[in-house]
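Using the sequences and the hints, build the whole thing.
Chains as they are written, first to last, in numbering that gives the first Met the number 0: chain A, 0 to 209; chain B, 0 to 136.
Everything labelled a hint here was simulated from the structure, so no lab data went into it.
A portion of the hints provided could be inaccurate.
Once the Cα atoms are required to be at most 20 Å apart in a straight line, the calculated DMTMM-like pairs of lysine to aspartate or glutamate come out as [claimed, not checked]:
1. B:Lys-91 - A:Asp-81
2. A:Lys-12 - A:Glu-44
3. A:Lys-12 - A:Glu-165
4. B:Lys-91 - A:Glu-58
5. B:Lys-91 - A:Glu-44
6. A:Lys-193 - A:Asp-157
7. A:Lys-206 - A:Glu-58
8. B:Lys-91 - A:Glu-27
9. B:Lys-91 - B:Glu-77
10. A:Lys-193 - A:Glu-165
Pairwise CB distance ranges (calculated) [to be verified]:
11. B:Thr-45 - A:Pro-54: 48 to 56 Å
12. B:Gln-129 - A:Lys-193: 43 to 51 Å
13. B:Gly-87 - A:Glu-10: 26 to 34 Å
14. A:Gln-204 - B:Val-125: 42 to 50 Å
15. A:Pro-195 - B:Thr-45: 47 to 55 Å
16. B:Ala-18 - A:Pro-75: 27 to 35 Å
17. A:Pro-11 - B:His-86: 28 to 36 Å
18. A:Lys-193 - B:Glu-105: 25 to 33 Å
19. B:Gly-113 - A:Gln-204: 29 to 37 Å
20. B:Glu-79 - A:Gln-161: 18 to 26 Å
Here a beta-carbon is modelled for each residue, glycine too, at the ideal position from N, C-alpha and C.
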Amino acid sequence: MMSNSPEFENEPKTRLALLGTLGHLHTEPLRYDLACLRSLVEALEPDLLGVEVEPEAWERGDLRGAPVEVRDGLVPAARRTDTVIVPLGGPSPVELAPPERGELARLRANLMQGADRLLTELQRVSEGLRHFPANLLYGVIATLTERETRHTEHAYTDHLVQQVLEVVRRDPGCTALVAVNVRHCRHIRHTLEKYPQVRIVRYSQLKGKL
Amino acid sequence: MPFLSLPWTPDQALATLQAGAIGCLSVGITADELAIALRQAARGETTLSPDLARDLIARLAQNQPLMSGPYETLTPREQEVLELVCHGLSNKEVAQRLFLSVRTVENHLANIYGKLGVRSRTEAAVLATQQGWVSTT
Numbered sequence: 000m001m002s003n004s005p006e007f008e009n010e011p012k013t014r015l016a017l018l019g020t021l022g023h024l025h026t027e028p029l030r031y032d033l034a035c036l037r038s039l040v041e042a043l044e045p046d047l048l049g050v051e052v053e054p055e056a057w058e059r060g061d062l063r064g065a066p067v068e069v070r071d072g073l074v075p076a077a078r079r080t081d082t083v084i085v086p087l088g089g090p091s092p093v094e095l096a097p098p099e100r101g102e103l104a105r106l107r108a109n110l111m112q113g114a115d116r117l118l119t120e121l122q123r124v125s126e127g128l129r130h131f132p133a134n135l136l137y138g139v140i141a142t143l144t145e146r147e148t149r150h151t152e153h154a155y156t157d158h159l160v161q162q163v164l165e166v167v168r169r170d171p172g173c174t175a176l177v178a179v180n181v182r183h184c185r186h187i188r189h190t191l192e193k194y195p196q197v198r199i200v201r202y203s204q205l206k207g208k209l
Numbered sequence: 000m001p002f003l004s005l006p007w008t009p010d011q012a013l014a015t016l017q018a019g020a021i022g023c024l025s026v027g028i029t030a031d032e033l034a035i036a037l038r039q040a041a042r043g044e045t046t047l048s049p050d051l052a053r054d055l056i057a058r059l060a061q062n063q064p065l066m067s068g069p070y071e072t073l074t075p076r077e078q079e080v081l082e083l084v085c086h087g088l089s090n091k092e093v094a095q096r097l098f099l100s101v102r103t104v105e106n107h108l109a110n111i112y113g114k115l116g117v118r119s120r121t122e123a124a125v126l127a128t129q130q131g132w133v134s135t136t
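Written as structure tokens, this is what we have:
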């Protein structure tokens, strides 16, 4: 487990950006589609690209269970560059669970779809501004989520964070783009900001100098 | 004459003995131990500090070479990289296998070349295979 103690401040920082992905929406004719994802990875050229794929599945070369944006967008783009794919685990067990029933579940699902579409519409808005309404919406959705589901999601995002920190420990000072479902970004960003080994940047700043 | 110094590594002690020293003593020895060592040296006997003798005997017991070769100077990560290079993987493939950046793999290779005294991955692979450091089967 990585520490956030001062001794690690002498190590080179890993410049890390989070890229929120939108699952099946990337396959629709929207601005933030698979081609957009591929262009982003090729333009940013991160040293490492963390994706939501189980390590065991990655070892087997089996991406059938991976999110479509990973299988058909991010991985093909990384293979055309020097970017190394790092499987972080996933997808989330909540994503894989059967759809919930009930009014609250329907409201949550509708809000989720609305939030996702809002993000695609805000693609032309600057990165920082877009995150604010997204974080607000996903925060509202989180309060409507059943406690057990919230715990499952938090356990999953905590696992992703530990995997990201393992990446940072293994190769300090590189540039890393972590592509996860946009719903996880808020919690992951908030947790990673506590670690001095990691410098969270906007993805547009990933190629800049520290 | 025996040498007194900072704590010896087994490699340093062996190199010193090979250069003609009659013994190697660690700086933490007692005055009595020093006196004994000096009398032994005067009789032409080789003298080693107990900690050095213990380390060298441990190497022998584990069937390790007494003196480290260039391969043993590689870090565990560098040894991993060398093995994958010997299996014909490109830098990107090595990086992907180890989940390291390509840049880090290139840095490791540069260190490997320096430690092995070679100039290319081909030379490194040939040397490693010839010396039996890496099995390519």
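So, going through the hints one by one against the coordinates:
For a cut-off of 20 Å, the pair hint linking Lys-91 (chain B) to Asp-81 (chain A) stands: about 6 Å separates their Cα positions. Of the pairs offered as hints, the one joining Lys-12 (chain A) and Glu-44 (chain A) holds, with about 18 Å between alpha carbons and a cut-off of 20 Å not exceeded. At roughly 14 Å between alpha-carbon atoms, Lys-12 (chain A) and Glu-165 (chain A) fall within 20 Å of each other, so this suggested pair holds. Restraint check: the Cα-Cα separation between Lys-91 (chain B) and Glu-58 (chain A) comes to about 16 Å, which is no more than 20 Å; the hinted pair holds.
Only pairs whose Cα atoms come within 20 Å are accepted, and Lys-91 (chain B) paired with Glu-44 (chain A) is accepted, the gap being roughly 13 Å. Using a Cα cut-off of 20 Å, the hinted pair Lys-193 (chain A) and Asp-157 (chain A) holds, with the two alpha carbons roughly 13 Å apart. A distance of roughly 29 Å separates the Cα atoms of Lys-206 (chain A) and Glu-58 (chain A); the hinted pair therefore is violated under the 20 Å criterion. As the CA atoms of Lys-91 (chain B) and Glu-27 (chain A) are separated by approximately 32 Å, the hinted pair breaks the 20 Å bound.
About 15 Å separates the Cα atoms of Lys-91 (chain B) and Glu-77 (chain B), which keeps this hinted pair within 20 Å; it holds. The suggested pairing of Lys-193 (chain A) with Glu-165 (chain A) holds, with an alpha-carbon distance near 15 Å, which does not exceed 20 Å. Between Thr-45 (chain B) and Pro-54 (chain A) the C-beta distance comes to about 53 Å, which sits within the given range of 48 to 56 Å. Checked against the hint of 43 to 51 Å, the pair Gln-129 (chain B) and Lys-193 (chain A) passes, with Cβ atoms roughly 50 Å apart.
A hinted range of 26 to 34 Å holds for the C-beta pair Gly-87 (chain B) and Glu-10 (chain A), which are about 33 Å apart. Range check, Gln-204 (chain A) to Val-125 (chain B): Cβ separation about 44 Å, and the 42 to 50 Å hint holds. A hinted range of 47 to 55 Å holds for the C-beta pair Pro-195 (chain A) and Thr-45 (chain B), which are about 51 Å apart. Checked against the given bound of 27 to 35 Å, the beta carbons of Ala-18 (chain B) and Pro-75 (chain A), roughly 59 Å apart, lie outside it.
Distance hint for Pro-11 (chain A) and His-86 (chain B): a CB-CB separation of about 30 Å, consistent with the stated range 28 to 36 Å. Take Lys-193 (chain A) and Glu-105 (chain B): their Cβ atoms lie about 31 Å apart, and the range 25 to 33 Å holds. Against the hinted window of 29 to 37 Å, the Cβ-Cβ separation of Gly-113 (chain B) and Gln-204 (chain A) comes to about 34 Å, which satisfies the hint. For the pair Glu-79 (chain B) and Gln-161 (chain A), the beta carbons lie near 22 Å from each other, so the given range of 18 to 26 Å is met.
Hints 7, 8 and 16 from the list above are not met by this structure, while the remaining hints are.
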